[in-house]
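**Q** These are the residues of each chain, in order.
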Amino acid sequence: MPNTTLLSNDFAAAPVSVRRRLTNMLATGAAAGAVLLVLLSLGAIFVYLVYKGIGAIDWNFLTQIPKPVGESGGGMANAIAGTAYILLIASAFGVPIGIGAGIYLAEYGRHRFGDIVRFTADVLNGVPSIVVGIVAWAVVVVGHGFSALAGSVALAIMMIPTITRATEEMLLLVPNTVREAAYGLGVSRWRTTLSITLRTASSGVITGIMLAFARVAGETAPLLFTAFGNTYWNWKLDQPTAALSLQIYVYANSPFDEWHRQAWAGALILIVLIVASISAVRLVAGRGMLKGAN
Amino acid sequence: MANQALGTPPLPGPQPLEKTAVLVKPRGEADVLARTGSSLWPDRIFSWVMLSCALCILALVGLIVYELVKGSQLSWHASGWKFLYHSDWDPVNDQYGALPFAYGTIVSSLLALAIAIPLAIGVAVFITEMCPRRLRGPLAFATELLAAIPSIIYGIWASFILVPLLRTYLEPFLAKYFGWTGLFEGPPLGIGMLAAGIILAIMVIPIISSITREVMTSVPQQQREAVLALGATRWEMIWTGVLRNARAGILGGIILGLGRALGETMAVFMVIGNRPEIAKSLFAPGYTMASVLANEFSEASGDLYLSALVEIGLALFIVTIIVNIFAQILVWTVTRGTPARGNA
Numbered sequence: 073m074p075n076t077t078l079l080s081n082d083f084a085a086a087p088v089s090v091r092r093r094l095t096n097m098l099a100t101g102a103a104a105g106a107v108l109l110v111l112l113s114l115g116a117i118f119v120y121l122v123y124k125g126i127g128a129i130d131w132n133f134l135t136q137i138p139k140p141v142g143e144s145g146g147g148m149a150n151a152i153a154g155t156a157y158i159l160l161i162a163s164a165f166g167v168p169i170g171i172g173a174g175i176y177l178a179e180y181g182r183h184r185f186g187d188i189v190r191f192t193a194d195v196l197n198g199v200p201s202i203v204v205g206i207v208a209w210a211v212v213v214v215g216h217g218f219s220a221l222a223g224s225v226a227l228a229i230m231m232i233p234t235i236t237r238a239t240e241e242m243l244l245l246v247p248n249t250v251r252e253a254a255y256g257l258g259v260s261r262w263r264t265t266l267s268i269t270l271r272t273a274s275s276g277v278i279t280g281i282m283l284a285f286a287r288v289a290g291e292t293a294p295l296l297f298t299a300f301g302n303t304y305w306n307w308k309l310d311q312p313t314a315a316l317s318l319q320i321y322v323y324a325n326s327p328f329d330e331w332h333r334q335a336w337a338g339a340l341i342l343i344v345l346i347v348a349s350i351s352a353v354r355l356v357a358g359r360g361m362l363k364g365a366n
Numbered sequence: 019m020a021n022q023a024l025g026t027p028p029l030p031g032p033q034p035l036e037k038t039a040v041l042v043k044p045r046g047e048a049d050v051l052a053r054t055g056s057s058l059w060p061d062r063i064f065s066w067v068m069l070s071c072a073l074c075i076l077a078l079v080g081l082i083v084y085e086l087v088k089g090s091q092l093s094w095h096a097s098g099w100k101f102l103y104h105s106d107w108d109p110v111n112d113q114y115g116a117l118p119f120a121y122g123t124i125v126s127s128l129l130a131l132a133i134a135i136p137l138a139i140g141v142a143v144f145i146t147e148m149c150p151r152r153l154r155g156p157l158a159f160a161t162e163l164l165a166a167i168p169s170i171i172y173g174i175w176a177s178f179i180l181v182p183l184l185r186t187y188l189e190p191f192l193a194k195y196f197g198w199t200g201l202f203e204g205p206p207l208g209i210g211m212l213a214a215g216i217i218l219a220i221m222v223i224p225i226i227s228s229i230t231r232e233v234m235t236s237v238p239q240q241q242r243e244a245v246l247a248l249g250a251t252r253w254e255m256i257w258t259g260v261l262r263n264a265r266a267g268i269l270g271g272i273i274l275g276l277g278r279a280l281g282e283t284m285a286v287f288m289v290i291g292n293r294p295e296i297a298k299s300l301f302a303p304g305y306t307m308a309s310v311l312a313n314e315f316s317e318a319s320g321d322l323y324l325s326a327l328v329e330i331g332l333a334l335f336i337v338t339i340i341v342n343i344f345a346q347i348l349v350w351t352v353t354r355g356t357p358a359r360g361n362a
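Going down the list, the sequences are from chains A and B. Quick note: the first sequence uses the numbering used here, first residue 73, plus one each step. Quick note: the second sequence uses the numbering used here, first residue 19, plus one each step.
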């Protein structure tokens with residue numbers, strides 16, 4: 073070992089006992105083992121997703137709607153589109169409210185009331201998704217029936233706290249001198265916030281939005297009794313709508329091998345979408361102008 | 019309170035607005051001053067709009083509480099506290115006791131924590147203190163990737179891969195060598211409490227380990243150097259210098275993981291077996307509060323049945339909120355000193 077040659081006699085006066093060295097090695101081994109085990113399960117999940125899913129993905133899977141039991145073929149085109157549709161409407165509600173609340177907290181909310189909002193956002197973040205589903209059901213579905221809108225409302229509720237906290241954090245990273253420079257030029261406060269501060273922090277805010285997106289894209293529980301699922305195309309806001317996660321669930325729970333295959337394929341597509349968006353986030357965040365401040 | 023806040027714009031930045039105007043005045047930039055004056059109303063309206071977005075968050079939590087309380091009234095009047103400690107769940111005869119679900123939720127979550135805590139802390143220790151700097155980023159990313167996998171994908175993986183593995187290898191092994199404990203009895207079905215605990219453990223590991231990492235990095239570097247200078251081995255340094263200082267925050271991370279495990283729905287729902295029974299054996303199927311909602315809510319017929327399910331949702335909501343708040347407080351007490359953002 074190079075270490076022993078470096079240590080002169082003065083330093084080696086009190087050698088570390090065997091027991092202590094052994095404990096050190098065991099602890100290091102255990103920590104490395106924990107990492108290996110976690111990486112192994114991560115690897116197992118991805119390998120099986122690709123292995124089981126890749127075979128069932130073909131042109132039909134991406135362009136056709138589900139076939140009845142017994143007929144082979146068919147795909148999840150309507151479910152993929154449905155997920156995109158529901159997410160789009162959810163963002164239409166969730167992104168502006170989330171960013172607005174984030175701006176409030178960062179620019180106006182440095183006092184007790186701001187702390188209350190901050191705390192409430194964290195509470196909202198911890199609400200189980202299935203409970204959010206119940207609330208969306210009670211507010212939108214009761215009296216109107218299952219609908220894409222109800223699913224979107226549920227997902228929007230889940231997006232808002234994530235976006236709010238990310239926006240706030242990013243806006244607070246913008247140095248005050250930037251704001252003061254804008255005021256010094258006579259730019260009004262709202263204009264400064266929107267065109268200077270928010271603009272400066274935009275890569276961080278986009279990161280937050282994408283993370284919120286990735287978080288809700290695979291959500292199933294809150295859609296079970298809101299969007300409900302549909303085996304046909306639907307673009308109406310007030311009708312039940314298919315979603316990728318719902319379709320995976322229905323197929324995985326069915327007794328048919330063909331449907332199991334398609335469930336794996338759907339799962340593969342879902343994870344590819346999510347990992348792609350997270351990797352994009354890392355790329356954007358890595359190049360962002362505020363990276364150094366973080 | 020809100021009004022006062024709006025009247026006197028606090029930090030950051032905008033405070034010196036008037037001063038700026040005074041500074042500009044001698045240079046005779048009249049139109050700049052005029053613009054500052056005319057932006058009073060747009061500024062006010064903008065701050066009101068932002069405030070209303072913030073109020074939305076309060077309103078949403080209020081709405082959740084209101085709907086859950088309103089929806090569970092019927093069941094509450096029918097059975098009161100009995101709902102929580104009765105174990106009969108019989109929708110046909112309108113008998114609703116939530117005990118088996120509470121039991122399943124608590125046991126599966128605790129089992130998950132028992133598996134996840136040592137692994138998560140091991141991962142955090144390895145990433146922050148042991149591994150080469152170059153591996154740090156990729157390893158952290160890999161564990162965070164685990165957090166990004168949706169519940170439904172854990173569910174499909176668990177029910178097609180993990181459950182057969184448990185059935186053929188792990189459960190017979192446990193029954194043979196640890197059957198005497200009474201925890202591993204009965205036929206090895208694969209599905210059941212054990213499968214739910216394992217999949218939940220995989221799902222909460224990234225939460226616990228990322229918070230543990232955060233808390234460990236907030237321990238000052240001098241602390242480590244001081245312990246090392248006293249002649250400690252690396253592990254002794256980690257144990258006495260880092261982990262001990264970070265324990266409140268680590269506990270916070272663990273409790274945050276518990277909060278996630280309690281409310282987790284799809285993955286558990288697909289592997290736990292969904293039978294409202296209380297069994298000592300971890301091989302036996304169970305049921306959780308979240309999975310009964312996923313399974314029975316959309317087909318519940320009858321007002322009392324529906325109301326009982328909403329009451330389960332309310333109970334789940336209250337428990338997870340308490341757990342999360344407790345965890346937040348613990349994490350704050352540790353990390354408060356370092357990054358001075360958020361709370362002014």
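Read the hints as simulated data drawn from the structure, not as lab findings. Incorrect hints may appear among the rest.
Below, in silico cross-link-like pairs of lysine-lysine (DSBU-like), each with a Cα-Cα straight-line distance of 35 Å or less [stated by the list, open to error]: (1) A/K308 with B/K298; (2) B/K88 with B/K194; (3) A/K124 with B/K194; (4) B/K298 with B/K100; (5) A/K124 with A/K139.
Some chain B residues close to chain A (C-beta under 8 Å, calculated; not the full set) [said to hold, decoys possible]: (6) F64; (7) L207; (8) Q241; (9) V245; (10) L246; (11) L248; (12) A308.
Predicted model, so just to flag it, every value in this text is computed and none were measured. Backbone N, C-alpha and C fix where the C-beta goes; we use that ideal spot for every residue, glycine too.
**Q** Now tell me, hint by hint, if it's right for this structure.
**A** Structure-based check of all given hints:
1. Between A/K308 and B/K298, the direct Cα distance comes to roughly 49 Å. Violation of the 35 Å bound is thereby established for this hinted pair.
2. About 50 Å separates the Cα atoms of B/K88 and B/K194, which puts this hinted pair outside 35 Å; it is violated.
3. Our distance criterion of 35 Å between C-alpha atoms is met by A/K124 and B/K194, whose separation comes to about 32 Å.
4. The suggested pairing of B/K298 with B/K100 holds, with an alpha-carbon distance near 23 Å, which does not exceed 35 Å.
5. This hinted pair checks out: A/K124 and A/K139 have alpha carbons roughly 20 Å apart, not beyond 35 Å.
6. For B/F64, the shortest C-beta to C-beta distance to chain A is roughly 4 Å, which falls under 8 Å, so the interface hint holds.
7. With a cut of 8 Å, the hint placing B/L207 at the interface with chain A is violated, because the nearest CB-to-CB distance is about 17 Å.
8. The closest approach between the C-beta of B/Q241 and any C-beta of chain A is roughly 18 Å, which is over the 8 Å cut-off, so the hint fails.
9. A least Cβ separation of about 13 Å between B/V245 and chain A goes past the 8 Å threshold, and the interface hint is therefore violated.
10. Against a cut-off of 8 Å between C-beta atoms, the interface hint on B/L246 is violated, since the closest Cβ of chain A lies about 12 Å away.
11. Because the closest C-beta pair between B/L248 and chain A is about 11 Å apart, greater than 8 Å, the hint is violated.
12. The closest approach between the C-beta of B/A308 and any C-beta of chain A is roughly 5 Å, which is under the 8 Å cut-off, so the hint is satisfied.
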